[in-house]
Amino acid sequence: MSTQLIEAYLDGSITAPEMQQLNALLLADADARREYAEILNVDSALAAMAAGWTKNEAPVIRQTKWRPASPRWIAAAASVALLLGGWWWQDSRRAFATVEKAAGVVEMADGSALRGESHEIKGGSVALVTARGARIVIEAPAAFHFESAQRLHMKRGRLAADVPPAAKGFTVITPTGDAVDLGTRFGVDVPSSGAAEVHVFQGEVIAKASGAPSNQSLRTGDAVSFDQGASTSRELRSSAFIQPDEMPGLTAGLAAGQRGQSDAALAKLKSDPALIALLDFESADELPGVYRRVQGRWPGSHAPEFVHVGDHLKLDVGGDHDWPKLTLAAWVRLDRLGAPYQSLLHTDGWDSSNPGQAHWMVTHHATMRLALRANTLAPGSGQQYEADSLTPVLPEQGRWVHLASVYDSQARTVRFYLNGRFDKEVRFQVAHPARLGPAQIGNWNRNDRKLSGRVDELLLLGRAMTDDEIRALHAAGNPYR
Amino acid sequence: MSPAETERHHRFLRSFTAHEPAIRAHVRRLVPTRADADDVMQEISVVLWEKFDSFRDGADFKAWAFGVARFEVLAWLRDRGRDRLVLDEEVITKIADETTADEPRLERQREALEHCMKKVPSDQRELLMQAYQPESRIQEVAQGSGRTVAGFYQWLHRMRKLLLECIRRALTQEVAS
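Protein sequence lines, in the order shown, are assigned to chains A and B. Each residue of the first sequence is one higher than the one before, starting from 1 at the first, in my numbering. Each residue of the second sequence is one higher than the one before, starting from 1 at the first, in my numbering.
The set of hints was computed from the structure by calculation and includes no laboratory data. From the three backbone atoms N, C-alpha and C, an ideal C-beta is built for every residue, glycine too. Please note that the accuracy of each hint is not assured.
[Said to hold, decoys possible] To spell it out: a stretch of chain B is covered by chain A in this simulated footprint if at least three of its residues, at any positions, have a beta carbon under 8 Å from a beta carbon of chain A; those stretches are:
(1) 27-36
(2) 102-110
[To be verified] Derived BS3-like pairs (lysine-lysine); straight-line CA-CA distance at most 27 Å:
(3) K155(A) <-> K94(B)
(4) K122(A) <-> K101(A)
(5) K118(B) <-> K122(A)
[As the list claims (entries may be wrong)] Some chain A residues flagged as far from chain B (calculated, every beta-carbon gap over 12 Å):
(6) A8
(7) G111
(8) G133
(9) Q150
(10) G194
(11) A374
(12) Y385
(13) A475
Hey, can you work out the whole structure from these sequences and the hints?
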């Protein structure tokens with residue numbers, strides 16, 4: 001009975017006597033009111049969903065009706081319109097976002113329109129442009145859906161957003177908190193386990209941890225993690241996010257078949273008789289340590305990521321004998337450098353009784369360093385203390401860079417390479433054969449070292465690679481074009 | 001604009017944007033049609049902004065907005081609902097009170113719609129979305145689907161009923177899990 005009256009009211013087909021009946025019923029009966037509220041609630045939700053829906057075939061773009069109501073409304077309209085960025089003019093039939101570029105993402109195609117449906121991507125990165133012009137890159141593994149062009153739900157994954165004034169108010173909703181953008185560039189990381197984080201590269205973002213009593217304003221360089229209903233400050237992880245301007249290079253690299261080249265080069269290295277270790281982090285048995293397993297340079301590939309001070313990965317290779325010649329190389333993606341040293345490889349046996357123990361790192365000057373215990377520099381080597389490279393290793397912060405150091409105790413030299421290019425040679429007066437053994441990547445127990453970022457394809461080779469070999473190593477493994 | 005004004009704009013913007021769907025749904029429960037809800041929403045957004053000074057930071061924006069919305073709905077009904085078939089003020093007050101208290105559950109119900117829509121065959125989903133377009137004409141949609149208008153309304157009732165049942169089930173399971 002009540003349902004029929006409610007439906008007639010919804011249709012607009014209700015008669016005056018029926019309306020009287022409905023009013024009387026709703027006034028007297030709490031259950032009827034509840035039923036009424038729930039049906040109207042479904043009606044609202046359907047309307048909200050339809051506002052973001054586009055007919056699959058032949059989308060029709062229509063102008064939203066403009067309905068001025070009163071002079072006061074018109075007077076105030078300008079200020080509110082400006083303030084709200086005109087969100088209600090949004091054409092109701094347009095997609096919330098469009099896929100600009102899907103790099104290695106098999107689940108999505110370039111140019112496809114995203115509306116309210118859920119998406120899950122297992123590998124790669126996807127660049128989107130919202131209907132309001134916000135540019136977004138989401139890195140796999142990720143699960144997300146748009147609620148509107150201005151509201152994006154991130155269940156899992158990593159996102160960098162570049163939000164123009166027209167899309168001010170763009171909001172990312174995570175399971176543990178929300179980020180509301182006020183015209184800026186920012187990143188959101190929702191790991192598969194652990195707290196979501198918001199990082200502000202530029203501008204201002206309002207962060208609200210779920211259940212927190214108040215919002216927090218974040219400015220350029222600020223970052224927080226949403227932890228159990230509160231937001232806690234943390235260090236900015238600039239390189240954790242693939243930015244929109246990184247996408248063209250990554251896409252071109254994939255299109256050029258770089259991944260195949262890289263695989264071929266790795267296969268060749270694996271049969272090199274001088275190979276000590278080649279960590280591509282693809283094997284199912286994980287290396288011991290504390291780190292996150294995230295996407296590497298290729299769609300769906302893996303790399304360890306070090307996020308917190310003390311995160312590390314343990315390795316024990318090459319301890320059986322000395323290495324007169326040693327090549328160390330790795331692809332890294334490093335965050336802003338703040339701490340004195342970012343550890344690429346620190347052997348545990350660093351001790352005066354162990355001459356030649358190797359420590360490979362990035363210094364606070366963002367140069368590479370290869371320290372060998374008890375080695376001394378040649379006079380006039382231009383260095384004061386340790387062998388350091390010349391060029392800062394982060395010409396473009398937050399991108400993959402290839403680092404290599406080639407040590408030769410017989411020639412008494414170390415040669416540094418950055419992205420395949422020779423950078424500098426440092427000469428030693430005393431040069432011990434290099435020693436390895438138990439070591440850590442990302443930290444060193446004896447002193448706090450850290451590394452904030454990802455490491456991929458770490459190579460230890462018991463011979464000195466030539467300039468050409470290093471160049472080829474970089475060229476084959478380069479994810480960009 | 002002074003920095004303080006900008007900051008005030010920002011505060012309003014983020015609160016309003018965050019709660020707009022809930023406020024709209026609240027208004028929808030109190031007026032006869034979706035077009036009426038659109039009308040009242042425009043008025044409400046202006047009033048909220050005008051009165052934002054009186055809103056104490058840290059207070060519950062949604063509850064405050066619901067209060068403003070109820071007042072505006074009643075004013076709207078007195079003004080424009082005069083010769084229409086509308087709910088009595090007394091009923092509206094009751095429903096507004098009860099649904100304000102019940103909003104967390106109603107919000108979960110709205111969220112669950114997405115999940116339930118996935119179970120609707122795609123051609124029917126398409127038809128539902130067509131019917132709910134902001135400016136759709138039911139007559140045309142009905143005709144396009146090969147139904148009479150009355151038959152189409154019947155179908156809409158059935159769909160809403162099925163969806164509501166699915167939503168209730170989904171929420172029960174949510175509580176149980």
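(request) Hints the structure violates: just list their numbers, smallest first. (result) 3, 6, 9
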